Amino acid sequence: MSFIDRAAAALADPVLKTAVERTAGTAEANRAVAVEAFPDFAAARARAAAIKDHVIANLGEYLERFEANAVAAGARVHWAGTADEACAIVVDICRAAGAKTVARSKSMLGEEIGLPHALAEAGIERIETDLAEHIIQLADEPPSHIVWPAMHKTRDQVSALFRRHHASPHEDESIAAMAESARRHLRERMLGADIGISGANFLVADTGAVCTVTNEGNAELSLVPPRVHIVTAGIEKLVPSMGHAVHMLRMLARSATGAALTQYTTFYSGPKRADDADGPEEMHIVLVDNGRTAMREEGLAEMLRCIRCGACMNHCVVFRQIGGHAYGGTYPGPMGAVLTPALSGLAANRDLPQACTLNGKCQEVCPVAIPLPTLLRGWRERSWREGLEPVTTRWGVRVWACLAKRPRLYRFATSAAILGMRLWGGGGWSRSLPLAGGWTRHRDMPAPEAASFMAQYARGRRR
Amino acid sequence: MTPASSPRVALFVTCLVDLIRPRIGFAALRALEAAGCEVVAPEGQTCCGQPALNSGDRDSAVALAKSTIAALEGHDHVVVPSGSCAATIREHYPELLADDPDWRERAVGLAERTWEVLAYLDEVRGWRPDTVCAATAVYHDSCSGLRELGIKTQPRRLLAGVDGLALVPLAGEETCCGFGGTFCVKYPAISNAIVEEKADAIEASGAELLLAGDLGCLMNMAGKLHRRGSKVRAFHAVELLAGMGDGSAIGEEG
Amino acid sequence: MNAREAILGRLRGGADPATLDVEATRLLDRPERPVVDVADLVGGFLAQLAQARLGATFERIGAMADLPGAAQRYLAAQGLASALYLPPDPNLAALDWSGLAISHDCAPDQPAALAIARVGVAETGSLVLETAPQAPMLPNFLCLHHIVLLRAEAIVPHLEDAVLSGSQPRAHYWITGVSGTTDIEGQYVRGAHGPRFLHVVLVG
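Chains as they are written, first to last, in the numbering used here: chain A, 6 to 468; chain B, 72 to 325; chain C, 1261 to 1464.
Below, computed lysine-lysine pairings styled on DSSO-like, alpha-carbon distance capped at 30 Å:
| id | chain 1 | residue 1 | chain 2 | residue 2 |
| --- | --- | --- | --- | --- |
| 1 | B | Lys137 | A | Lys410 |
| 2 | A | Lys22 | B | Lys257 |
| 3 | A | Lys277 | A | Lys105 |
What the hints contain is simulated information worked out from the structure, not anything from laboratory work. These numbers come from a predicted model, not from an experiment.
Hey, can you work out the whole structure from these sequences and the hints?
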């Protein structure tokens, strides 16, 4: 299915619209309150962008520092150039540990590299512990949002899934009862898992710590009992020190949910110490490139600032209409429209950078000031250069530009267009217009005045 | 009068105003003259190149940037009745021509002298209208003007001077209307869903008039409102400021 | 060439390490952050704790000896049995827990567990727990009622002040409220996986 088809299906689904509006609308309102209450969010945002730029410019050094400190804390660090390499490393660790089940905490990088599929191929049972990931695992669907992966599901749909899959489902139709049902269902399962797998929100170079944030405490609960903890992290997740991590955490929580800090913000430094009361015996950290070094080299370094807060999609007029699945990748919304072509090719995703009004709201709310519209324009230029745009678009823009470069010819053409439009539609509104079906399918077109501004001006009109 | 007190202004009307609604250009001309400017509309002007820029056709965007710069140079200021076209000149020309030694400085020079008309009348000229329009209105903040040029308070300050005009709140006044230039014809169904919500908000406001600073957005919203049978009438804000709010609104014959 | 060399090979050319550290330090010069009244850290901390989003409760006691009584009062007020999980911390072992059924093994459905926080953060109302031989972590996420002991003088103004320098424990947990979720229709539900209730006992 093409992007247009997926978008059309989404637009025809009023339930989806309601579901997206509820969660994104709440997130938007909560963020606004949090940003307003912050002393100087604009300056904090510039600082956050500068921290990330500093890290991206010096990424090699920070990765090596992180590696040295993580190893000193007892973790094992692995490096993966591609998604397949990353999955193979994880599966090998699972096999070496004799693991049959893994408890997984929501990680968009895991989705990006196809880890759920790789685990299934290897015959390893996967227990998704985040409530939303649990819902979409039951529904066998991909996530539709990076913070709320089950944003597209209504309570009725969740209720039906839980009744089908939970041994002792909720007794009433309240959301609280459904959450309780998931708690019952997941508790024993995640405690019995052989391995815990998480992503990382930040990698702290000077301590070698991995930072995760969850509101549910699912990472915290599911990463203590298993014998092995595996972290998969994109190489751009580095911050120089805990102080820098604190600044980024303030920005992340406010931008994602409007909280001052995510409920559970946890820093993991290596496996269980010899005399510790609990904790995993092995900690593995898989550092994943999967196109990030290429993005840094090819004009997308600013995209590597992204801290996955989801604010850009929550505030995007297009996302709010079509939801996340229509984008067809792991990452939806504006950040997804920049990332997906980089991760899985422009040719297959050429609609994503185009399906944007360039209104700039995403950049305005981005806690690390990523110039998303500029990056999307960059993809459009590449799409044009590579000949991926439809012939009608190419000709339309070229003919227009050709005329606009020649003012006298242009005056002649505009006069002809005005005459044509007025002959077709008269003096008022037109309900249809040749070559303007995209417009008049949904809205009326005002007729032009009898002559162009420049024609009237040339004849001496001044007021 | 000194040149500073009576600046020579080049009016760049934009291709859309030139083609569809010249009244906006003449309203801008009238308001600028009332604000003490000497105004001309240079002959060589056509389109700023924004459709090419946003379609990824950089070569055409560069060519149109050069021809527009050549057409508009030589005046104290360039004034544009559109936030997005003004932003193209101010924000994007310098970037488009950054690597061209012959054009870089000309691009920066023009960018520094270019203003969106409402920002110009308010910030540069400190002008206030002396016109009347008895109506309730909502103001939609068009995205490029708002986010690329910081146009927010200027139109409201100016419109406060229109006798009889009452601005009422518009829910989501900073939310994109779904126009997006070629976006609205490339992705008509998505654009329509967005502008339907905008039309809902406009109608819910109870206002008689819809005002904004960009004809593209106005045509999108007014075209949707008319298709829905709404009685809300749409004008560019400068039309009211120039005392032309008693004429035909967008799409009305006359 | 292995993946490590390939990745690092493409990332060469940053600043030298000394310059890097100067730049990194400069990036933390006077960070923007919420204002905290350092003269009233306890008041600031408790105000954050009481925010609807956190929804925590507290009791202030004069001395450690009052802790068992405070725990008992909380459990009674919640209509819970007088039963509590205690970590193997010598500071707790010295207290008189008679009247409470104490367990040192945490059940998967443990109603209430106690923990000791190293610091509290006035900026956010966060509690910092750290792994140690006397501090198992799992009970803090298994229980429904999380009772956390915090010394009043251990409240610091900002998150930066909660950072431990030098060698790190296996893990440190910054806990700000209870386990919550907004994953179904954006509606906030408490007790998603871990604690539904957080009660802070402030000593001193």
